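Residue 259 in the numbering used here is what sits at position 102 of the sequence shown, and the numbering runs on without skipping anything.
Just so you know, the hints here were simulated from the structure itself, not pulled from any lab data. Just to be clear, a hint being listed does not mean it is correct.
[What the hints assert, rightly or not] Estimated spans, in silico, between C-beta atoms of each pair:
| id | residue 1 | residue 2 | range |
| --- | --- | --- | --- |
| 1 | A199 | D334 | 43 to 49 Å |
| 2 | A317 | I393 | 20 to 26 Å |
| 3 | A375 | D330 | 20 to 26 Å |
| 4 | T402 | T239 | 33 to 39 Å |
| 5 | I277 | K435 | 36 to 42 Å |
| 6 | D269 | G244 | 27 to 33 Å |
| 7 | Q409 | G170 | 52 to 58 Å |
| 8 | T239 | D315 | 22 to 28 Å |
| 9 | I393 | Q196 | 48 to 54 Å |
| 10 | S297 | P419 | 18 to 24 Å |
| 11 | Q196 | P419 | 26 to 32 Å |
| 12 | T402 | L312 | 37 to 43 Å |
| 13 | A375 | D319 | 21 to 27 Å |
In this text, all values refer to a predicted model and were calculated from it rather than measured experimentally. Backbone N, C-alpha and C fix where the C-beta goes; we use that ideal spot for every residue, glycine too.
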Amino acid sequence: AVGTWQLDVAATGSPLTVDYAVTGHTLNGDTYHAAVISQAGAFVTYPEEIVLVAELSRGARIAGAGVTAWAEGPDGAYVDLTLLDDGVAPDVLADDGQYTGFLPYDQPGDYDVTVIFDNIAGAAFYTQAGMADALDPSTSPVGDDFDRFAEIAILVDDYAGDDHGASDSDASDLLGDNSDLPGRIDTAGDVDRFRIASPEALPDVPRDAVFAAAANAATERYILRLTHFAFGMDAIVRVTTNSGTKEYATGQLAYDAYWTLPLDLAPGEVVTVDVLHKNGQSAAGQ
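Please construct the entire structure, taking both the sequences and the accompanying hints into account.
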């Protein structure tokens with residue numbers, strides 16, 4: 158029914174903690190709607206990054222709204238989150254009504270994320286940005302003040318104190334199949350070591366002469382790539398080949414940018430790649 162509703166709760170014995178939530182549904186027409194998702198899904202395996210995308214709409218998406226977001230971790234501690242619609246990665250497109258940011262985590266378990274949208278500042282507007290059929294996107298102001306919230310629960314599994322070791326015996330293998338291997342700086346001074354092994358040369362009498370010629374070439378080129386930097390990551394990359402050890406500085410890359418390094422390896426050559434934070438005192442970086 159239309160009007161003001163009141164909820165009365167009373168404890169007949171000792172004091173009790175009561176949590177409550179109210180959800181309203183329109184009987185006619187439409188209303189403002191908020192939603193939030195995790196790009197990695199609701200089940201995340203360490204050390205995958207968690208990118209959150211929250212959306213506000215009423216028929217069309219709404220940009221320019223106020224956003225407040227936080228997460229409650231498995232230990233009951235809260236962390237404030239920043240979700241932006243500014244077109245700076247990990248956000249894809251500015252002012253498209255999708256607000257994007259990272260969820261940091263430091264332990265296994267359930268993370269409960271809450272996002273609240275409002276138009277207190279009166280700056281929200283309807284947008285067509287990002288719509289496939291909007292050749293000439295237009296905008297119009299949202300005249301109402303409102304607030305809407307969305308929630309999501311994310312389970313982090315298989316958490317460890319360190320994702321990649323720092324020695325040859327604990328190095329993680331990088332396969333030459335163009336697949337990604339996530340990593341993160343777990344503690345101050347953390348070094349993650351990776352290993353690249355070039356295949357051995359084939360026997361002198363191969364079945365496929367063309368393939369053998371390529372495999373037995375003096376060197377074969379590999380491309381080392383680093384991308385999806387987050388939480389202020391500014392990497393030093395230390396590469397050890399048969400020719401010696403060299404260090405490279407990636408700089409602070411945008412989330413969707415790539416740092417690349419070509420490596421020409423002899424058959425059977427094994428290369429180690431160390432990734433560490435330029436700021437050795439930083440305990441964050443991904």
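Outcome of the hint check:
1. A199 to D334: 43 to 49 Å: Between A199 and D334, where Cβ atoms are some 28 Å apart, the hint is violated.
2. A317 to I393: 20 to 26 Å: Given range 20 to 26 Å: holds, Cβ gap about 23 Å.
3. A375 to D330: 20 to 26 Å: Holds, at about 24 Å.
4. T402 to T239: 33 to 39 Å: holds, 38 Å
5. I277 to K435: 36 to 42 Å: Roughly 40 Å apart at Cβ, these two residues keep to the hinted range, so it holds.
6. D269 to G244: 27 to 33 Å: holds, 28 Å
7. Q409 to G170: 52 to 58 Å: Hint holds: Cβ distance 57 Å, inside 52 to 58 Å.
8. T239 to D315: 22 to 28 Å: holds, 26 Å
9. I393 to Q196: 48 to 54 Å: violated, 28 Å
10. S297 to P419: 18 to 24 Å: Violated: the Cβ-Cβ distance is about 50 Å, outside 18 to 24 Å.
11. Q196 to P419: 26 to 32 Å: holds, 30 Å
12. T402 to L312: 37 to 43 Å: Given range 37 to 43 Å: holds, Cβ gap about 40 Å.
13. A375 to D319: 21 to 27 Å: violated, 37 Å
Against the hints set out earlier in the document, violations occur for numbers 1, 9, 10, 13.
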